[in-house]
Amino acid sequence: MQTLGKSGTEIAEFGLECSSESGKQLKSERVFLAGYSHKSGILEISLEAYEAELRIQASQPSPPTLQFRLRGIRSFGPGLNGTTRLGKVYARGMTEVSGPYAITGHLTVRAPEGELPANWHGEANDLLLHLRMALSFANGGHLSSPIVEYWVNDTLTVTFCRTGSSGTSELPVQHFLNLQPFFYSVAANFDAARHNRDALANAIGWLHVETTHDEVRFLSGMTALEHLASHHLPEQSRQLIAAPDFEKLRSEIEALLEQSAYLSDDVKQALKVRLEGLNRQSLVQNIRALFDLWGVSKTDITNKMLRRLVTTRNDIVHRGIATDRKTLWDLIVIVREINARLIFALLKFEGNYECYMGGRHMRQFPSCERIPNS
Numbered sequence: 001m002q003t004l005g006k007s008g009t010e011i012a013e014f015g016l017e018c019s020s021e022s023g024k025q026l027k028s029e030r031v032f033l034a035g036y037s038h039k040s041g042i043l044e045i046s047l048e049a050y051e052a053e054l055r056i057q058a059s060q061p062s063p064p065t066l067q068f069r070l071r072g073i074r075s076f077g078p079g080l081n082g083t084t085r086l087g088k089v090y091a092r093g094m095t096e097v098s099g100p101y102a103i104t105g106h107l108t109v110r111a112p113e114g115e116l117p118a119n120w121h122g123e124a125n126d127l128l129l130h131l132r133m134a135l136s137f138a139n140g141g142h143l144s145s146p147i148v149e150y151w152v153n154d155t156l157t158v159t160f161c162r163t164g165s166s167g168t169s170e171l172p173v174q175h176f177l178n179l180q181p182f183f184y185s186v187a188a189n190f191d192a193a194r195h196n197r198d199a200l201a202n203a204i205g206w207l208h209v210e211t212t213h214d215e216v217r218f219l220s221g222m223t224a225l226e227h228l229a230s231h232h233l234p235e236q237s238r239q240l241i242a243a244p245d246f247e248k249l250r251s252e253i254e255a256l257l258e259q260s261a262y263l264s265d266d267v268k269q270a271l272k273v274r275l276e277g278l279n280r281q282s283l284v285q286n287i288r289a290l291f292d293l294w295g296v297s298k299t300d301i302t303n304k305m306l307r308r309l310v311t312t313r314n315d316i317v318h319r320g321i322a323t324d325r326k327t328l329w330d331l332i333v334i335v336r337e338i339n340a341r342l343i344f345a346l347l348k349f350e351g352n353y354e355c356y357m358g359g360r361h362m363r364q365f366p367s368c369e370r371i372p373n374s
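At position 54 of the sequence shown the residue is numbered 54 (my numbering), and the sequence of numbers has no breaks.
Only true hints are included.
Simulated pairs of lysine to aspartate or glutamate, EDC-like, Cα-Cα distance not exceeding 16 Å:
id, residue 1, residue 2
1, Lys27, Glu48
2, Lys27, Glu17
3, Lys24, Glu149
4, Lys348, Asp191
5, Lys27, Glu149
6, Lys272, Glu254
7, Lys272, Glu258
8, Lys268, Glu258
9, Lys326, Asp214
10, Lys88, Glu123
11, Lys326, Asp315
12, Lys272, Glu247
13, Lys27, Glu51
14, Lys88, Asp191
15, Lys272, Glu252
16, Lys24, Glu53
17, Lys88, Glu113
18, Lys268, Glu254
19, Lys298, Glu369
20, Lys24, Asp154
21, Lys27, Glu13
22, Lys248, Glu276
23, Lys304, Asp330
24, Lys326, Glu215
25, Lys27, Glu53
26, Lys268, Glu252
27, Lys88, Asp126
Source of the hints: derived by calculation from the structure; they are not laboratory data.
Based on the sequences and whatever the hints tell you, model everything.
Here is the structure:
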């Protein structure tokens with residue numbers, strides 16, 4: 001305790017277990033001292049936990065039910081619902097969000113009657129993580145879940161998590177007043193899309209990077225595209241020529257460099273390093289390959305647009321600022337639209353969505369054609 005608070009020392013963590021006379025049990029394996037005060041001869045110590053679990057005996061038995069309390073979720077009417085093999089799923093939010101830390105709704109799955117999978121709790125958790133990720137994507141900003149509740153038989157287990165705030169909604173692809181078709185489709189296709197969740201989560205996470213700089217906003221969208229390409233395109237399809245053929249060519253070029261009498265050793269080494277990326281397909285080619293891989297519509301997405309995206313990306317990476325900042329927002333909208341179409345395909349979604357190219361309007365996926373009068 002004598003070293004707590006000294007510069008350069010790590011935060012000491014403790015375990016905590018306690019119970020009440022009514023039978024409630026609180027447990028945490030990661031508790032730390034957050035502060036203390038001394039008033040009128042009384043020492044007060046403040047503790048905080050990264051995660052804490054509270055167990056309560058319920059008044060009556062309940063079928064297995066798992067619920068995420070969500071920050072930032074917005075919806076309209078009686079709520080959202082869907083059907084999966086793990087049971088009925090529900091979500092509900094408010095029409096207004098009072099602040100980034102306000103809990104505004106929930107996401108719930110309740111087990112059906114009859115025999116359940118041996119690992120229902122684990123699979124149900126995967127389902128809700130998948131749906132939360134999809135709703136975050138629809139919302140245009142991250143939805144955090146600081147409280148998880150699990151009912152089984154006559155026990156309620158409440159897990160409190162030390163999580164961040166909800167993200168600011170930006171360019172949402174689904175309007176919160178009309179989330180039901182999207183929610184139903186994503187829930188119904190959970191088993192077909194679940195193997196894509198890690199790649200989806202990373203790509204969506206890049207889209208939700210909050211910033212006041214348009215250059216960062218643009219680069220995060222481009223990074224999401226590069227992540228999808230690196231995760232889903234086979235290595236050989238991202239190469240210009242077969243790897244064995246390139247290694248042979250590379251050896252020949254390196255031999256020529258070594259024979260040069262007027263190049264310094266430093267220059268030779270620098271050129272050899274450049275050779276490592278010589279066999280990679282361009283990002284434009286990789287983006288086109290993703291469209292082809294999943295049969296995604298290129299409606300209103302031209303090769304000229306793709307080349308502008310990559311040129312602007314390189315410009316920002318090497319100069320720190322876009323050459324033409326007046327058109328940068330148009331490019332941000334385009335890269336968001338491309339990401340949206342690819343993510344819809346991975347989620348196995350079909351239906352209407354919000355598009356911002358040329359002004360906000362509705363389109364239909366997978367055709368990506370504009371809906372008249374929208």
